[in-house]
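Novice: The residues making up each chain are set out below.
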Amino acid sequence: DTGVSQDPRHKITKRGQNVTFRCDPISEHNRLYWYRQTLGQGPEFLTYFQNEAQLEKSRLLSDRFSAERPKGSFSTLEIQRTEQGDSAMYLCASSLGGQRNVFGPGTRLTVL
Amino acid sequence: ILNVEQSPQSLHVQEGDSTNFTCSFPSSNFYALHWYRWETAKSPEALFVMTLNGDEKKKGRISATLNTKEGYSYLYIKGSQPEDSATYLCALPSGNTPLVFGKGTRLSVIA
Numbered sequence: 001d002t003g004v005s006q007d008p009r010h011k012i013t014k015r016g017q018n019v020t021f022r023c024d025p026i027s028e029h030n031r032l033y034w035y036r037q038t039l040g041q042g043p044e045f046l047t048y049f050q051n052e053a054q055l056e057k058s059r060l061l062s063d064r065f066s067a068e069r070p071k072g073s074f075s076t077l078e079i080q081r082t083e084q085g086d087s088a089m090y091l092c093a094s095s096l097g098g099q100r101n102v103f104g105p106g107t108r109l110t111v112l
Numbered sequence: 113i114l115n116v117e118q119s120p121q122s123l124h125v126q127e128g129d130s131t132n133f134t135c136s137f138p139s140s141n142f143y144a145l146h147w148y149r150w151e152t153a154k155s156p157e158a159l160f161v162m163t164l165n166g167d168e169k170k171k172g173r174i175s176a177t178l179n180t181k182e183g184y185s186y187l188y189i190k191g192s193q194p195e196d197s198a199t200y201l202c203a204l205p206s207g208n209t210p211l212v213f214g215k216g217t218r219l220s221v222i223a
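Protein chains in written order, with the working numbering: chain A, 1 to 112; chain S, 113 to 223.
Certain hints may be false.
Unchecked claim - One-sided excerpt, in silico: chain A residues whose CB lies under 8 angstroms from chain S:
no.	residue
1	65
2	74
3	102
4	104
Claimed, not checked - Counterexamples of contact, computed for chain A against chain S with all Cβ distances above 12 angstroms:
no.	residue
5	6
6	16
7	20
8	68
9	72
10	81
11	110
12	111
If you're looking for bench data, these hints aren't it; they were derived computationally from the structure.
The C-beta atom is built at its ideal place from N, Cα and C for all residues, glycine as well.
Could you put together the complete structure from these sequences and hints?
Specialist: If you want it as structure tokens, here you go:
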């Protein structure tokens, strides 16, 4: 297993556009997490899945954000009508149960 | 929301120096503490998961201690090398939030 992968690694978009990111977790991991990291801050929790069920969503996850994990494997995070404040590193992690989170390399989003 | 504080915010040391930094957290309702190392352009890498008061863990030149009664953990690096340059993050689970992270300590090791 090559670990957690994320695609794309970088995304530049114009304000108002929609963007979608993908995360492929470690195959035997049943939990998948999304975090966001902005300059000078640590990663902030957005949401997580156990298998295909979305179990928790942070108040940071506004109505413009939606995440799915349709078959309990890969996950997508979509941001609609992007704003400049959405510019951040979006990190995905996976784990087996609540054990150690293994992180992907992140997707860096820049909204112009 | 759990308040996780890390200090210092950044640190510059010479190659060969030993260094340490701190993660502070509320001592009530402690469950576990995670240390991560995050190098630029790479994935955050798990270093340690600590659960018991008095825990000491070691991985090569890096070690960590935990004091849950007073609410702090120390991360030590012995004989720093340029490849140790990274941001060191600590994180704790809190309620329904899998991990609450501190802002990190950015370490630069100068050759």
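Novice: State for each hint whether it applies.
Specialist: Evaluation of the provided hints:
1. 65: violated (16 angstroms)
2. 74: With Cβ-Cβ at 17 angstroms, over 8 angstroms, it is violated.
3. 102: holds (7 angstroms)
4. 104: Constraint on residue 104/A satisfied, holds at 6 angstroms.
5. 6: violated (9 angstroms)
6. 16: Holds: least Cβ distance 29 angstroms, greater than 12 angstroms.
7. 20: holds (20 angstroms)
8. 68: Answer for residue 68/A: holds, closest chain S Cβ roughly 18 angstroms.
9. 72: With a cut-off of 12 angstroms, residue 72/A remains clear of chain S, as the shortest Cβ separation is near 17 angstroms.
10. 81: Nearest chain S Cβ is 26 angstroms from residue 81/A, so the label holds.
11. 110: At about 15 angstroms from chain S, residue 110/A clears the 12 angstroms cut-off, so the statement holds.
12. 111: holds (21 angstroms)
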